[in-house]
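Colleague: Each chain, letter by letter, is given below.
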Amino acid sequence: MKIAFTAKDTDWNSPIDPRFGRTEFILIYDEEKDELSNFDNRAIEGVEHGAGPQTAQKMFDLNPDILVTGNGPGGNAARVLTQADIKIYAGAGEMTIKEAYEAFKNGKLNLV
Amino acid sequence: MKEIVVISGKGGTGKTSITASFALLGEKNVIVADCDVDAADMHLLLQPDWHFSEEFFSGVAAEIDQGKCIKCGKCANVCRFHAIPVIDKKYVINNLNCEGCGYCYQICPRDAITMVEQNVGKWFVSNIKTGSKMVHARLRSGADNSGKLVAKVKNEARKIAEKNGVGWILVDGSPGIGCPVVSSLSGADLVVLVTEPSVSGLHDLERVYELTKKFHLPSGCIINKADINPEVVGKIKTFLQKENITHLADLPYDETFTKAMTFGKTIIESGESEIKNTLQQIWKKINNLLTDEREKS
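Protein chains in written order, with the working numbering: chain A, 1 to 112; chain B, 113 to 409.
What the hints contain is simulated information worked out from the structure, not anything from laboratory work.
Heads up, a few of these hints could be off.
[Unchecked claim] Only pairs whose alpha carbons sit at most 20 angstroms apart, straight line, appear in this in silico DMTMM-like list of lysine to aspartate or glutamate: (1) B:K114 - A:E99; (2) B:K271 - A:E31; (3) B:K234 - A:E45; (4) A:K98 - A:D34.
[Said to hold, decoys possible] Okay, the calculated bits of chain A under chain B, using three or more residues with CB under 8 angstroms as the criterion: (5) 11-22; (6) 36-47; (7) 52-64; (8) 78-85.
Glycine included, C-beta positions come from ideal geometry on N, C-alpha and C.
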């Protein structure tokens, strides 16, 4: 299973970026390969409007099974993600990536 | 650190007056982020010193190089915003009308048009009378607020809070349900909805809550001017119950608010009053709401 996290940095100890649309990085953990890769999303800072749908489009391309984030995504982004069949788990806003992964595994995050 | 966002959906409900009161009550443990940038007025109540400022660039507008222009008029023909009038026999860009879509730039046969990033205003970090700091912005005429600007103001507030160990960020959110509001809610920990018992007050509350729900945040509501229309107050309360929103308090219509405002003050600084007590209680309730959330998780 591939799990995506919205993150402030690129390793397991990075804090979750609680925002979806304007998240600085997207980290993808591939459980089968035991591999953590990252996508640099910081160019989104320069986007005036529609950050959510744009990040959702990236997520669509990265194609994880699961997304773990803080709160959100907003309406338009959520609609894109539904099309991609990505399950969204929220409530990890104050965790590190490692903590968020464990919380997800232990069923402690809410399915949106 | 926790981020509290105050929004209203409808303008004129008293959102900023109430937010400024909370800033006074929270004193040094609150960094204020004024994200209601289209018509920013928090500075009237908190009297910032405009200590630090930086230009803010956002969006693009077309510019025509008159040396390259062959006056074919194709750009003006395709412009849906009537932003390219002919003045003194030259095609020129009317910046107030230009939406930055870039159609003219694409269609110009001589590459005479460039899209130039716009300086839309400034953002500031100020010391305020509470002994704390405030991050805010001022837009130029015709410029509009954006998710980008809101994110900037909130990020800067967050940096200051982290650096100084401040517990709360208090965000005065923008009106409506558009991009700036989404950006205000994104990453927040609690939403305070300020409404008033009018038909549009209720309508806009319902509308903005539809958006708020997407962020799965604990929410509380203040019904301001609650004594002016008991019937609509009843409807608002039914709505709050149905949606499981904490009813924080009713505030009466009181001209003390306006009187204080004319002196550049919040109601907290205008002597002892019933309203001041109520606001103190609400502030406590908000603190509790966040603590409850922490215990749940």
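Colleague: Examine the region 52-64 of chain A: at least three residues should have C-beta closer than 8 angstroms to a C-beta of chain B.
Modeller: violated (count 1)
Colleague: Count the residues of the region 78-85 of chain A with a beta-carbon closer than 8 angstroms to any beta-carbon of chain B: does the count reach three?
Modeller: violated (count 1)
Colleague: Does the region 11-22 of chain A contain three or more residues whose Cβ lies closer than 8 angstroms to a Cβ of chain B?
Modeller: Three-residue rule met by the region 11-22 of chain A, so holds; n is 6.
Colleague: Measure nothing beyond the straight line between the CA atoms of A:K98 and A:D34; if it is 20 angstroms or shorter, mark the hint as holding.
Modeller: Judged against 20 angstroms, a Cα distance of about 13 angstroms means the pair holds.
Colleague: Assess, step by step, whether the Cα of B:K114 is no farther than 20 angstroms from the Cα of A:E99, and give holds or violated.
Modeller: holds (19 angstroms)
Colleague: Taking only the CA atoms, is the gap from B:K234 to A:E45 under or equal to 20 angstroms?
Modeller: holds (16 angstroms)
Colleague: Are there at least three residues in the region 36-47 of chain A whose beta carbon sits under 8 angstroms from a beta carbon of chain B?
Modeller: holds (count 3)
Colleague: Take the C-alpha atoms of B:K271 and A:E31, compute the straight-line distance between them, and say whether it is at most 20 angstroms.
Modeller: Violated, because 34 angstroms separates the two Cα atoms, which is more than 20 angstroms.
Violated hints, listed in ascending order, are 2, 7, 8; each of the other numbered hints is respected by the structure.
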